[in-house]
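Participant: Chains as they are written, first to last, in the numbering used here: chain A, 1 to 292; chain B, 1 to 292; chain C, 1 to 287.
FYI, nobody ran anything at the bench for these hints, they're computed from the structure.
Honestly, I wouldn't trust all of these hints.
[To be verified] Here are the simulated EDC-like pairs of lysine to aspartate or glutamate, each with C-alpha atoms no more than 16 Å apart in a straight line: (1) C/K119 to A/E181; (2) C/K52 to C/D98; (3) A/K19 to B/D4.
Just so we're clear, the structure is a prediction, and the values are computed from it rather than from any experiment.
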Amino acid sequence: MIAGEPLDLRARPNWRSVKNIAMTVLMGLAVVAVVIPLVAVVWSVVSRGAGIVFSAFPDFFTAEIPVVSRRAGPGMGPAILGTLLVTAGATLIAVPLGILGAVFLHEYGGTSAFAKLVRFMATVMTGVPSIVMGLFVYLTWTLKFGYSAFGGALALACLMLPVVIGSTEQMLRLVPANLREAAYALGTSKSRTILTVVLPAALPGIVSGSLLAVARAAGETAPLLFAVGAATAYNPNLFSGANTALSMQIFGNATSSFVAAQDRAWGAAFTLMLLAFLVTLTARLLFTRRSS
Amino acid sequence: MQLDLRGRSAYGDRAFRWIAYGAGALVLLILGLIALVMADRARPVIGEMGIDFFSSKRWSAPDGLYGALPFIWGTLYTAAIAVAISVPVSLGVALFVTQVAPRWLKKPMVYLIDLLAVVPSVVFGLWGVLVLSHQFGLGRSFLTAGIILGIMITPIITSLSREVIETTPASEKEAALALGATRWEMIRASVLPHSKGGLVGAVMLGLGRAMGETIAAALVIGSALGQVTLNAFASGNSMPAVIANEWGEADDLHKSALIALAVTLFVITIAVNLIATAIVQRSMKRSRGKTP
Amino acid sequence: MIIEIAPPGTLNAPRPVRRATPPLEDTPVVFDVENAEVFYGSFRAVRGVTMKVHKNQITAFIGPSGCGKTTMLRAFNRMHDVIPGARVAGKLHYQGVDLYGPEVSATEVRRRIGMVFQKPNPFPKSIYDNVAFGPRVNGVKSRADLDVIVEKSLRSAALWDEVKDRLRNSALGMSGGQQQRLCIARTIAVQPDVVLMDEPCSALDPIATARIEELMRQLKSQFTIVIVTHNMQQAARVSDRTAFFTVELDSTNDQRCGILVEYDATAKIFSNPSDERTENYITGRFG
């Protein structure tokens, strides 16, 4: 302490604190930079799409797609059905298999070389571009069985599978070991322990992770292009006949020069985004990731 | 009477075990099939073009000539632009959320950013085409595609970076602060050096995703042929975009060429993803090991 | 039965008239153990275990940490099976049958030999479903039957009156002591012959501990109990026989290994142990 002067601990303006403030401002700007496109996209979709959807409510959800695309007028009914069919089909295939795969990795595989290989390949699989999956399904399924919603479901299931495996395995890891011990000590077999103790304990997290995978699958376009074909009429048949989906319609109409087609694209985008948001919200409500 | 401890049927237990193993093997099966089937169908065009497939700039279906260089370039260039745009923003947001934002702000911010990830890619593409390129007059170019892709990969890089940054031990941060460092100086001294590896990995994962993204790119990149140029405002093409756009009317050799493109894309994307995952895992392991 | 713990240094001193302790009745042998050892890979964790555990008695394993008492306990219900590389050697017979025989199913063993753990681990289910879990696994399906079993087990665990109105509530909402009694109820619901307890009171407060000790004395008439405890006084209070383990440097591989030092009636162990190491531990010279 300087003799005779009272202690002064106030902040002193200097180059260092200026730099600190500048960087903080930059970081804040980054946040703004992220928020702007999000708001812009959502705004465009809502302002243009909601209008289309609600002006023709409920026709937009039920009417058929005009075959001649320059014709104005609503109709994304077949696409909505198609999206639901394909997504539901993919979920029914990918989620049970994904949960089983994660059970294998965490409960049975342990540190064996086989388990390490499977885990590695599942990681690789999450990186497969969606268009590659689409081509794969085309070559193996569509060529033999023709276009169908099921082919699309298969393609989406392949995309979802590694994601479900990864998130389920994470949830299984969170189940404490002493719960399993308690079950074993009661004379429960391993499979029964997994089915009646471990999976129920991890269930909210598993469902949440699966829902997130579903939301992403619903928005996929590329795999469907090669497996589902292009239809404009309703096709509730999962296994035969070409079909369509919201994502495909958006893609097709985006490049159209007809305003009517573009309008429908916005409407479809609004519907699809709403769907994705709802599913994601449900997932988050069920289980919030630990974000400290 | 001798006590019988042999137990009743363990068949159910064993059956479940086999099913779990089977699910794990399924992953290997699918990946193996993808590799085999695609490589097989790509062979014809490689037979025709040889190594020129990768080095020639001429892609002309009527002439039966397929040089993929412009598309490989387009994919890499747009991904590079996307990463260049996204990395500073993502890093800034990650730092802001972990170091600057008050606790009540953290969760909503994380939610907001994750919301970006939920918007389907095709909706981004639609917005890109009708708003960015039409309304804002940016036209179709590498730059437009790069911007869209950059927006799309930001949530991934941000959330991964966040996880890596949060593994910085509090003791290291406190050490810097205790020496009188400003927050930015503390970040530079403790957080960034500690997270370096993981951040690089996160960026590379974003890069992998940008390269594999089909639809958004396809809509705004321009679909011009033969452009290998650094002019970001020029229109060009990328591998997935070409596949999506030309598949409909392709003959057999053409299809084979498109499949070969898909295989190339597959290999590049997987390689980037694997390197990235290895880097992220190694840095997380190292950082966990350091904590006393 | 009153047991005196001798103050340090007095054990071998000449003493006046000793109070007579009643002899320990010898009920049938449940566990017949001879030279049992437990290995984790090539590391020998405990050795030299020879003992006979008797029916309807409480046997306590005591000793300093790392002496292998918990390891030995877990060998009794084949809990080591879930640890890769774990191995049990020597003779370990249960009611005349080799527990580790080739045809013996671990699941079957655990149906008859239950375990209560150190930290209460109820399932994240309702109180009812926790207790009913074991019987359901064993094939009891009828709701009426399960109701009877659940009530009987909860009564035996001295928990019924506290929870009878909230059987549907989650088990996780109970206090630590209640949860541990629930775990005991869950274990006895499957009607095992033996209940193994691994430091069941170490995570509980003294009042909860006293209730569980009282419970053990009541359960003795129905089950055989083996308890691991690091609390000597607890062993002295509740057990009929006591086994004292300690840690030794294993001459074969320079590693520390647990070993059974002495096994006898509790009264004898605590007043007149045969081995000096036991005496040192009892009188607090180490451990």
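Participant: Next step is simple, just say for each hint if it's right about the structure.
Facilitator: How the hints compare with the structure:
1. Only pairs whose Cα atoms come within 16 Å are accepted, and C/K119 paired with A/E181 is accepted, the gap being roughly 11 Å.
2. Between C/K52 and C/D98 the CA atoms are separated by roughly 14 Å; this keeps the pair inside 16 Å, and the hint holds.
3. Between A/K19 and B/D4, the direct Cα distance comes to roughly 78 Å. Violation of the 16 Å bound is thereby established for this hinted pair.
Hint 3 from the earlier list is the only one contradicted by this structure; the remaining hints agree with it.
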